[in-house]
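Asker: Residue numbers (our numbering), protein chains in the order written: chain A, 1 to 552; chain B, 1 to 172.
Hints were generated in silico from the structure; no laboratory data involved. Note that beta-carbon positions come from the ideal geometry of N, C-alpha and C, so glycine has one too. Among these hints, one or two may not hold up.
Said to hold, decoys possible - To be clear about the criterion: a stretch of chain A counts as covered by chain B if any three or more of its residues have a C-beta under 8 Å from a C-beta of chain B, and this derived list gives those stretches:
#, region
1, 6-14
2, 29-42
3, 62-69
4, 78-89
5, 235-241
6, 474-486
Next come the chains, spelled out residue by residue.
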Amino acid sequence: MYRYDEFDQQLVNERVAQFSGQVARRLTGELTEDEFKPLRLMNGVYLQLHAYMLRIAIPYGTLSSKQLRMLAHIGRKYDRGYGHFTTRQNLQFNWPALKDVPDILKDLASVEMHCIQTSGNCIRNVTSDQYAGAAKNELEDPRIVSEIIRQWSTFHPEFSYLPRKFKIAVSGTPDDRAAIRVHDIGIQIVQNGQGEIGYEIYVGGGLGRTPMIGKKISGFVPKADLLAYLEAIMRVYNMYGRRDNIYKARIKILVHEIGVEEMQRQVEAEFAEIRKSGTLHLPEEEIARIEAYFQPPAYEDLPDESTELNKAVVADPAFANWVKSNVAQHKVPGYAIVNISLKPIGGVPGDCTSDQMDAIADIAEKFSFDELRVTHEQNLTLAHVRKKDLYAVYEALKAHDLATANIGLITDQIACPGLDYCALANARSIPLAQQISERFADIERQHEIGELKINTSGCINACGHHHVGHIGILGVDKKGVEYYQVTLGGAADEKTAIGDIVGRAFTEDEIVDAIETIVTTYIGIRKDGERFIDTYRRVGVDPFKESLYETH
Amino acid sequence: MKLIRNGEFVEDNFTTVGDEDALPEGPAIVSLERWQAERETLRARNAPIGVKLQSGQEPSPIAEDLDHIDVVALEFPVYRNGRAYSYARLLRERYGYKGEVRAVGNVLRDQFQFMIRCGFDALEVADNITPEIWAENVGSFSLFYQPAADGKETVLSLRQRLATRAREKATA
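Next up, chain A with everything else stripped away, as it sits in the complex:
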């Protein structure tokens, strides 16, 4: 993974010094909360319902064991012994004291971490594929370009006060695990007819109250020009994005209002000018320097089949289930990708205790080249595990309640913090996710239902990505009562779709039964092994509508 050089480290150190000064002035009262707000919002410190929340950047979701141990330490020392992994591959602490934040930042800086680009209307922490470097059909490790973008966008003087926050995601494989079409900019790594690697660019995707799917604005941007092209998009957005209404300020609204052709024309014109100046031309030497950090680890020559694995699968049915749902194919023979579920039955999606973090760090160190990933579905990934070690990894995870065999299944839900933490929420998300999890706790039944993604948001800002859940749940407030609106057919992969609203919203008492009805309806009409989303695409909303509302 990428390691800081002296320059990267110095910048982070300077940020720690700057923010420590700002916190000190706030604590003495020299700065009022109003004056402090723009400063803390540039550094990942939010004021939530009950306390400050600190969001830590995990660039493109890659962490070393050492970094995870530091997060565990911070959780233990300054918070309540746990952290929360987010849909943006970051980590949040929900209960830090403001006076401790400078010390937390110092601890983070000691392991090349920080809170830069985790809040404010700037270019946020770049996200990417959790299978980077391990996926079979990958054209290039997406973390290389993600790191290049991270550096260019860090403290960008022109783009730190954009109309609204700005999110970029990168995918290096045709099957998209980074949800690039629901980002402000989505970057798909592609190869042109001459065999050169470049970038297909999507712009104007996003969720929130006006969900939109990103539109392709360029089919091929050469490597050397990527930053010039991104700067062109950002400048058009910074100059023409709406600033009169916070809900219409994202780039998706600009693209929608002027049309993708006009957007493309303006971006191309700006790109031509920036390119001419040559200042953002990316030298091959620098690309190679960063590429060198993402070279494949020292894989062993192994047979693809592992007798140890095959034996364990037969001997332990629970392990077999785990392998089926949580283990994915690796590009190197004899290796596998392991997904660690942070969705135990009845748990809080994405929460991880400090003790669990330490355990995972040890497992990663021992079995996966000392490195791990955070997924945008709020789980963790060990990217390179020998197949013959899978049982040992499973046992080690199980000892810390981390071996739930539900990746991609109905209890592997995304949920925003909701009314339990968030000042914006209308409804609770976590307790609902917990209830659904309990209802479908039976692991055999989950495997029988198959791949099904339920995403829950506690308000229309859609942090729980409900629009792109196969089943989406949106909490709404009607005269002080929490209701839940259901959408069906959403997806955030290479076939991105916004879910359809199924009908009137359900009460708190009805919603879990409604989910059960949807599942039963699906089981009744699915054709041999069809996934929920495929059945939905085939039959549409009507059969579900009928079974949900006919008896009511």
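Go by the hints and put chain B onto chain A.
Answerer: The following block gives chain B in isolation, referenced to the frame of chain A:
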């Protein structure tokens, strides 16, 4: 209001005049609308002239006139509105403007360095800003990843120089 020009706290010799107001004898800043309506008269004056662009008024309409304009004042109606950062860079980098680019409006201390990087050389700041506060905030960062209007060397360029030096050492 205080004016900081090229890092010095200075007396502001320009008067910002409303569209209906009579022009003063000395240096004056007028709106884009007034500049466009009275360009010839304003150019014929024997005193420096500035044009103020509000948020939403990008600099391209005055690109041809820049040789005759001494100050372009760019307004930040609220600190969150960052359009003028782009306007400043365009003035410097696209149109090659050498006159004063002044930040006016809601200019906060944590923005000083970003503004300087984007090509502002004059900032109208609140009265509580002291030379100490200025110095502390304008130098918050000593390294820069991306090129901007200030021409500061980027981290990328520093890395390349280090690499070249290392190569030369190795071959020497």
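Asker: Enumerate the violated hints, using their earlier numbering and listing them in ascending order.
Answerer: Result: hints 3, 4 and 6 break, sorted rising.
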